[in-house]
Amino acid sequence: MSTTNTIYNNGKTAELVKDDSTSSASKSVYDTQQLNLWYGDNHALKNIDLDIKQNEVTAIIGPSGCGKSTYLKTLNRMVELVPSVKTSGQILYRGRNIFDKDYGVEELRTRVGMVFQKPNPFPKSIYDNIAYGPRIHGIKNKKILDEIVEKSLRGAAIWDEVKDRLHENAYSVSGGQQQRICIARALAIEPDVILMDEPTSALDPISTLKIEELVQELKKDYSIIIVTHNMQQAARISDKTAFFLNGEVIEYDKTDTIFSNPSDKRTEDYISGRFG
Amino acid sequence: MRYIEHDNVVRRMNGRNLVNKLFKSIFLLATLSALLALVILLYQIVSQGVNHLSFDFLVNYASRFPEQAGIKAALVGSIWLMLVVAPTSIILGVGSAIYLEEYAGKNRITTFIQMNISNLAGVPSVVFGLLGLTIFVRALALGNSVLAAGFTMSLLILPVIIVASQEAIRSVPGELRDASYGMGATKWQTIVKIILPAAIPGILTGSILALSRAIGETAPLIVVGIPVIIQFLPKGVMDTFTALPMQIYDWSSRPQPEFQQVAAAGIIVLMVVLLLMNSVAVIIRNKFEKRY
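Just so you know, the sequences run in chain order A and B.
If you read the first sequence in the UniProt record's numbering, its first letter stands for residue 1, the second for the next number, and so on.
If you read the second sequence in the UniProt record's numbering, its first letter stands for residue 1, the second for the next number, and so on.
Worth flagging that the hints you see were computed from the coordinates, not collected in a lab.
The model shown is predicted, which means the values in this text are computed figures rather than measured ones.
Dumping the calculated BS3-like pairs for lysine-lysine here, alpha-carbon to alpha-carbon at most 27 Å:
| no. | chain 1 | residue 1 | chain 2 | residue 2 |
| --- | --- | --- | --- | --- |
| 1 | B | Lys187 | A | Lys86 |
| 2 | A | Lys142 | A | Lys124 |
| 3 | B | Lys193 | A | Lys140 |
| 4 | B | Lys106 | A | Lys86 |
| 5 | A | Lys101 | B | Lys106 |
| 6 | A | Lys163 | A | Lys140 |
Incomplete in silico selection of chain A near chain B, CB under 7 Å:
| no. | residue |
| --- | --- |
| 7 | Arg109 |
| 8 | Gly133 |
| 9 | Ile189 |
In silico negatives: residues of chain A with every beta carbon more than 12 Å from chain B:
| no. | residue |
| --- | --- |
| 10 | Ser28 |
| 11 | Asp146 |
| 12 | Ser207 |
| 13 | His229 |
| 14 | Arg274 |
By construction, the Cβ of each residue, glycine as well, lies at the ideal position given by its N, Cα and C atoms.
Input sequences plus hints: build the corresponding full structure.
Here's what the structure looks like:
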């Protein structure tokens, strides 16, 4: 756990320590090589090769059951909570294979935040929700926690809406606000990457718009990988798009290219709404 | 071509409504019969016992004269028993439930354990008494002490507490676990900070209901060899004692009709204790549920 704690500068004002924040945006965050995954006998991911870049929004699209959520959950090894999961191949996160025996999942998940499909705040106050991550990683100082909470809520563009009710239950705000609180909660562990699993599918159009704007804002500081069912959303907010079908990556390219000039017939069929 | 003839539907509607009403009455009758049994029981006991109830009854020791007989030793003994049973059974029960739900994998061994915990809940209490007699009273040489009887009772209600706690833990939404693990929390941090706070109303309700079963059990105490007539109070867990159901059982088996009244008064005391424990369960559940 000692490496986990290094993200906080010895208890001083918390600051994200990036591996290589000065390099250009073309640096890889995640390099997936020949990844295969099985749920029991079900071969859910087949020979996935994906190179995901820093400070970009990468969208993963595809019909239900194509493996896109599974792939996302593999990136922070949440998929291992499902019994009977087997994997082969490797995923290099910042050059290190996340399946290595000595790579602790807790360490990985401290660098890789996750936002889920349904807003899932803890049944605690808004403040305690945001402070949860820093607290489990050993921050006890009230002043530092206050700072992290404010910084995270501002980062998720919800500070002004909740600053007067930080100690109310997180369930007392609307669904769209809850989801932004969940994003703030993910930001509070000062991650490097944020994984988003259909973060707007349970929200109304206005809340969706707010979160899409937020994603654009966040990519300056974070790398974002977002699974979405909504192709317009992928086209609007992402830099790169990967199209998954039956557990395979059919096409992975710049979003503009995917949506205007796909090279695979199946991609074209899917984005033009002919199936899926 | 239409499959549903509207006229036929209207014609048969009366019959269908009649059947509906018939079954409603049958189910109401079933509910009332249980209620009736309770009312008769309460009436009989209260009418018999209320004359004997007095403050003296609570502070007197047992006696061979019915008018002097009191329930002090049994009442205090039952409280001592609960002081042993509650921590033992809740710590072991909640611990087992956490292990089975959160740590143990789903394999043949855990399925086997799970199945046997459910079986254990169905084992007659006399059998637990024999187990307690063999292990705690004799093998561990605890004698017929509060500790031996308390451990025996703990084993008896352990399966109920485990199953209730497991269900409470299982009902905590999976999304909360995901959120916690997703931020790099360990299993233990997730259990302590997220799962247990959400599961505690269910765990406490189940535990207190199980404890109220323990306070009313007689058979294991008889087998363990708990005496009935005692003229002193236990000073520690190694002392012997008597308990409410034992005392009631003894009074009701005496030939003098006056003792039937004493027994009824004892039952009233026992039922008040049970009612108090159940109220505590309800209060705890409501208090914790409001927080979320």
